[in-house]
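Chemist: Sequence:
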Amino acid sequence: MSAVPTEQEPSAESRRRLVMLGLPGPALTYVVTVEVVALAAVATAPAAATRTQLGLAALLVLACLIQHEAALSAERGYRRATIKREKSNDTGHLVTNSIYTFAAALLFPPWLMAATVAVIYGYRILRIDRPRMPRERGPVYRTTFTATTVVLAGIAAHYTARGLGLDLADGAPTLVPVVAALVTIAAYTVVQAGLIAGMVLLAAGRLAARDMITDVRQHGFELSQLSIGATVAFLLASPSPWLALLLVPTLWLLMRSVLVSDVGMADRDAGLLSPGAWHRAATAELQRARRRSTGLGVLAVDLDGFRRINDAWGVRAGDRVLDEVARVLPTAVRDGDVLGRMHGEEFVVAAPAADGADLAALAERVLATIAAIDLAAILSLEREDAPELTACIGAAGWPDNGDSIDVLLTRADDQLHEAKLSGTGVVSVATTTATSEAAAVVARRTGASP
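Under my numbering, residues 11 to 460 are what the sequence shown spells out, in order.
Just so you know, the hints here were simulated from the structure itself, not pulled from any lab data. Positions of the beta carbon are idealized from the N, C-alpha and C atoms, including for glycine. Hints may contain errors.
Stated by the list, open to error - No farther apart than 20 Å at their CA atoms in a straight line, the calculated lysine to aspartate or glutamate pairs in the EDC-like style are these: (1) K430 - E355; (2) K430 - E398; (3) K430 - E356; (4) K430 - D312; (5) K430 - E374.
Claimed, not checked - Restraint-style ranges between C-beta atoms, simulated for each label pair: (6) L72 - P397: 57 to 67 Å; (7) L136 - A53: 21 to 31 Å; (8) D333 - L49: 48 to 58 Å.
Sequences and hints are given; from them, build the entire structure.
Modeler: In structure tokens:
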């Protein structure tokens, strides 16, 4: 893909090609260069390692793998408890990798730190990323590139600590080791963030500041990991390394806090994400889509004629219908899609790694699932007296239809309006930003003409 002027937004067509074909040439060159530099840095670094360091490396890897398995188990329980409404399909967010990799950077020579990172991320690829790649259709490079940035950031942290004279076993009763550790954390963060920013810039053609700084929660989580990693390194290098076991409850609470926070974002009425929670989750997915060069779709789902149910059978009956819709919708969406309730009878879905055809197929499943709801049983009616439940859906996707969740949701709402004008049970998928008036009505479940 040709270079994009700094003052000019990349075209929707250019972003679409990026999503469909993978990395552009400059970004691919960048990835290969960074990986070669990492290999050279590791190969030329001092290779001496003590038996104690080898044992500690094995211990760190084992602890990280155990936490990976615990996180997978917790995520499965979380999905069951929340009817599959997770805000993302990224168990790595629950696994505190940076604790172990940063501790390794402070404790070990670069080659042993790199080996520790390789085992941790290799396990992640085999256990977590590989089973999900068919759904995400994302390129394989993303986890290996992340691991490479961790290695280079770890090398920077290692030599920063040495340059500052940081002695983990010193035990000096001053703030000097703390200040040195903070500077080392800063060096690690700057190197890794800079490498990732370069990748985003070359892959997407521009670098939006909001993509790097708006997710305060995620960055706070990362800094917390690095701080705990420094503490682990100090404890393991101390005369009483077993004191590090006292941090196990802290790690458990850190992982659980993510789950509890996400559960607290649910809409208690419908069992789905609330508007604010959905917006934050969808924004996180959009940022992830930019980093991974995959698509993202947004569906706006609105029940047809729902007011008639409230008027004819009462608000309580309407609430029971909405509860049933909320119960069955997760069975229609894909694992990893973000499902929420905006207001009243309107629901929203953010679909990672989805193009126009994927959105149309997803919308069809949603329509079929809603149409299969047994209103006769819910409203205590004879089957012939029960009304038919249908919905209209508007859909829009990144990168073609907008560059933020607000814009995508507005486009999806516009398409929903077009679908409503066309009849009931209609899906309208947005085309491109250049033809904002155009829409493709791709599916309908009634015989009404547009």
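Chemist: Hint by hint, note whether the structure agrees.
Modeler: The hints, checked one at a time:
1. K430 - E355: Within the cut-off at roughly 14 Å; holds.
2. K430 - E398: Holds, because 16 Å separates the two Cα atoms, which is no more than 20 Å.
3. K430 - E356: Roughly 13 Å between the alpha carbons, so the hint for K430 and E356 holds.
4. K430 - D312: 9 Å, holds
5. K430 - E374: 16 Å, holds
6. L72 - P397: 57 to 67 Å: 59 Å, holds
7. L136 - A53: 21 to 31 Å: Given a distance of about 25 Å, which is inside 21 to 31 Å, the answer is holds.
8. D333 - L49: 48 to 58 Å: Hint holds: Cβ distance 56 Å, inside 48 to 58 Å.
The structure is consistent with each of the numbered hints, conforming to all of them.
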